[in-house]
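Residue numbers (this note's numbering), protein chains in the order written: chain A, 1 to 346; chain B, 347 to 692; chain C, 693 to 1038; chain D, 1039 to 1384.
Quick caveat, the hints were computed from the structure, so don't treat them as lab data.
One thing to keep in mind: the hints can contain errors.
[What the hints assert, rightly or not] Straight line, CA to CA, 30 Å or less: simulated DSSO-like cross-link-like pairs of lysine-lysine:
id : chain 1 : residue 1 : chain 2 : residue 2
1  : C       : Lys1032   : B       : Lys349
2  : D       : Lys1312   : A       : Lys187
3  : B       : Lys686    : C       : Lys695
4  : A       : Lys340    : D       : Lys1041
5  : D       : Lys1378   : A       : Lys3
6  : B       : Lys686    : B       : Lys607
7  : A       : Lys3      : D       : Lys1312
Here is how the chains run, residue by residue.
Protein chains: 4
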Amino acid sequence: MLKVGICGASGYTGIELLRILSGHSGVEVTCVTSEKSAGRRVVDLFPHLHGYENLVYEPLNKEKLLGRADLFFLALPHGESQEAVHLFFRSGKKVIDLSADYRLRDSRVYEQWYGVPHNFGATLGKAVYGLPELYRSKIRKAALIANPGCYPTSAILGLLPAFRKGLVDPSSIIVDSKSGTSGAGRKADVALTFCEVNEGFKAYGIGTHRHTPEIEQELSVLAGKQIFIDFTPHLLPVNRGILTTIYARLTKKTDTAAVHKIYAAQYGKEPFVKVLEGGNLPNIQRVRGSNFCEVGLKVNDRTNTLVIVTAIDNLVKGASGQAVHNMNLMMGFEETEGLKSHALFP
Amino acid sequence: MLKVGICGASGYTGIELLRILSGHSGVEVTCVTSEKSAGRRVVDLFPHLHGYENLVYEPLNKEKLLGRADLFFLALPHGESQEAVHLFFRSGKKVIDLSADYRLRDSRVYEQWYGVPHNFGATLGKAVYGLPELYRSKIRKAALIANPGCYPTSAILGLLPAFRKGLVDPSSIIVDSKSGTSGAGRKADVALTFCEVNEGFKAYGIGTHRHTPEIEQELSVLAGKQIFIDFTPHLLPVNRGILTTIYARLTKKTDTAAVHKIYAAQYGKEPFVKVLEGGNLPNIQRVRGSNFCEVGLKVNDRTNTLVIVTAIDNLVKGASGQAVHNMNLMMGFEETEGLKSHALFP
Amino acid sequence: MLKVGICGASGYTGIELLRILSGHSGVEVTCVTSEKSAGRRVVDLFPHLHGYENLVYEPLNKEKLLGRADLFFLALPHGESQEAVHLFFRSGKKVIDLSADYRLRDSRVYEQWYGVPHNFGATLGKAVYGLPELYRSKIRKAALIANPGCYPTSAILGLLPAFRKGLVDPSSIIVDSKSGTSGAGRKADVALTFCEVNEGFKAYGIGTHRHTPEIEQELSVLAGKQIFIDFTPHLLPVNRGILTTIYARLTKKTDTAAVHKIYAAQYGKEPFVKVLEGGNLPNIQRVRGSNFCEVGLKVNDRTNTLVIVTAIDNLVKGASGQAVHNMNLMMGFEETEGLKSHALFP
Amino acid sequence: MLKVGICGASGYTGIELLRILSGHSGVEVTCVTSEKSAGRRVVDLFPHLHGYENLVYEPLNKEKLLGRADLFFLALPHGESQEAVHLFFRSGKKVIDLSADYRLRDSRVYEQWYGVPHNFGATLGKAVYGLPELYRSKIRKAALIANPGCYPTSAILGLLPAFRKGLVDPSSIIVDSKSGTSGAGRKADVALTFCEVNEGFKAYGIGTHRHTPEIEQELSVLAGKQIFIDFTPHLLPVNRGILTTIYARLTKKTDTAAVHKIYAAQYGKEPFVKVLEGGNLPNIQRVRGSNFCEVGLKVNDRTNTLVIVTAIDNLVKGASGQAVHNMNLMMGFEETEGLKSHALFP
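Sequences are here, hints too, so could you generate the full structure?
The structure is reproduced here in structure tokens:
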């Protein structure tokens, strides 16, 4: 059994890791950290997490934790993750970082968008961006994974085949995303209270959201040149799910069927990407609690635009499920181990 | 007191008219129709509509209704409205049609998108598109109003000042809209049941929604040439509200403050359009139950794009409230009569 | 115009007072207080409250406020209201207190349930419990109103006719209430965040909720002896509304029709209580945003139990609407002034 | 591998069986029926049910189905299930009936509450009521299981230890239940549409709901005499979950801790019942998607009442999960096989 530690295990991505790993046959969670809840049992805070009765939150004392696990998931706020990742990694541990700290390869871009310096440039150079559909072979050999952001996962998976095949103009990309509220994390904030979110809907951070450079980084690699995108996130009054609607100008006349063929070929063997047929369109309710990404496609020939819609569960494929997928690849488990369950519908 | 009849008064737009008109000082509702509920009182179906205890649904017998009212609102399904509108109008009544039947000036476009012929071309030529911010003076003199669709209202109000001032490239328009479920009407349909909508979110009708040509018609007038747009509607798990996010390429370098100034100038005297300051963005919860349209603006200078966000209540500014606004203009009431109430928040 | 001040005007009951009073023909709001938001305009925090552009929050400086209004609404937390009420009242102002501080006539009961002393016993003796259906004539002459709690309003209105007529055993009362989340107020609290409330439902404070003695106080008056009840509140994942289901053993055999007749007679002239006919049952969605209380009745003859269901909007009839109703009675306005609007449905 | 057929597999309980069984190591689903969707694949209707790509709906042709499976789940409407159950059972198949047709032992009670005759009295006599906590040993030996209703499961589990120990007066029982909307099934009905359920809450079927005699039947067995209860169901605006609040007069003075001890002893070895400690109370969100039942307890010594609160997922412990639990017992699988997953929170 692989011994696993989770740093920052009292937030939504942390408890989602606990939920998913409880169904994984090759893993034992040996330690969990939380500053605020240190000393309390996991099941005191989250009584539904049966099976973890013996697991007690402790403070993030990196040296003390080192010997307790072979692989660490870090679900800490950005900025706070940098040093812990560095230390675990340099001590020979496998590390999967769910924060943003190791996602942007250029530390200047990181500093510009996150407003804090990056102090571990050499370690940053070792990180692999953990999107299996893009970097599977690198992930298998990696010791340090920067687990992708939720919005970037939904955007990049939507555009990957189109970019690979040169279907669309890379300078024309518009990414309009809508996320469930768990994406904002578990915290006391008037703006996140039920009455302020329920029956509401709004855009936020237009052009300034920190996932923008992450999407641009990966699309630029695919395009072979630096590109910029329009990215607008919105807050949905649902617990889970991201639906991303992408608009891209086609480089030549084509139709929905032809584009579908290209996407189906690209993703045919992917265990977690489902390209919908027959003009069907994704719905976040069909990926709730699962690691799947649904992709829908539509060519609008009146405007020569390809419209791509993707749906993921922001806490699973957009965070903890993808992290477990990365662990499976790194450690030689079956890719889908722990990740086979269906969406919970209704 | 103006005598008013409502044809199709048992759906959501019909009862919203009843709700709004009960607070209007100059109007008396004298007759309401519903085929399915003929013979039943309004308050039998909708017990909260106190004050209408004497109002009984009757079948749509146009000849019998004629003498009972001076102005008719028609909230019938498209196709069913055509003939009734024609007859009321030709009999000298004022008519406000909430269906799509008289919105598209070119009957061929109507027939292409709605799949039914238009049999009253001459009457169609008399209809005024009832968006007060665009056609106020024509509305004042009109006898027949084609009340705008909910999505078109949100899209056109978002783009009107930018088009007027030539700020954006008319061929670059992307309209990404998200609507509450009342927009689908009141009907038995598995796809509209709570469990199929709640905790879900999806796009539908990409590139094919019937509001597309309506938006294009009005934007083409503003642009002075035929344009085509990308329009994608989505279904939100809320009762009311449309949030529309619009992307348009700027024709020259500018910034958010400069664009705000143009919008504020255009809408400064409009009683129901509120241009938000300081980078604030609209939220549908702040227009719930009110006739207001919130407009938010953001220039993304990395991509040279203007992002516009609008929020309306689809049943009020997007339907029945705008219809009452049109009535006020046609009949010489104060513009805001019956429409002064605040959004219901929370 | 009556000059009105609102102390504690940045919470949900405070802004609901602003919403309702904006539709009242005889009132002008001259001052609003908020410690946290002092110096900011009402419309900065709540942009939908158009018409209040000149109203600026200020700290609760009682002496400075005195001359600015003739009547004060206090929507402060319990404990904080005591002294302000006392001072305004002793200075000759009309006072409507929406806190719990003046609801319990016996200050020992107050101290036992609220855990703080009551320092203004003489003023407490002057307060009238502001349930118009119970104390209309006293309210007309009162200068100090203790505005009822939301749960007590729903419970007492449900039982009033049955107690008056001796229909039920006063020692058998079970009150099972379900409240929307706005009842918990506007505050940063993880337990109130969207993800912790949405798709959830729970009971809380069984047997210990502070509204228990308030319900018991009024029912005891009606019963002519001290009684105790079982009261269980629950948290509903909706913004507004309380549905209360009450169980009471019948003192003699009867049927639903006979009980309906008694309730209809009691409430026939009440402007805001609607006794549903024909076995219809209340739904909170039909009172959303309105000052109405719906009452449904059912005799279960298998168990000899009367089941009563009531529905109110906790922020309107359960708080701010009832406060305005009380003001109307105190100041000689028409009872329904400002309170005529329909529920917002859907 | 046990071959399993599901009759009525396109409703919510049917697809929930498919979801749960996909995680069961000992079972293969060989046939599914649906009249309306005959000829279509399961994944055409429910694209998220990956792994069932080869499963095609067929009409309920009992003779043709017989040879295809060893055990049949029937998730048909009541009345329609009677004959199919009889035929499968008499042909030597194991049968788990999720309808109400075999739950009431006295066919006259069935006929009175369901309004249809019961034509298979001898088979009815062979059915075991499938509540494992009550009838585990009988279930192990049974060939025909009447799977309990969702409300009865929540009510009986709440009262079982209290009745066993004579803690409460059996004639005083009040069961106030609140159910998510999936309990109403998957069907086109205006009353179930999103706008009519969302932001609403109501009671229905007071004293007349068909689950009443089912609860009374099992409680009467426990009480040793015929009892009658008050049962009021309510409709919650959530997808899944039942919270039941039960009131029972205590037969003698006791306190919460003492009652907790009795419940903990009764349920200590039960894999799916969790008695909450320390005055904690259940929440439906902590059982969403899981087979657990949470039980909370509170003695109100002011009224001498025991208040019991239970929470289940109506589709899992209240239907399909309990059905799989029964199958596990009948067929000698580990009890928790296929049922180990945590609730999906948030």
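Run the structure past the numbered hints and jot down the numbers of the failing ones, going up.
none
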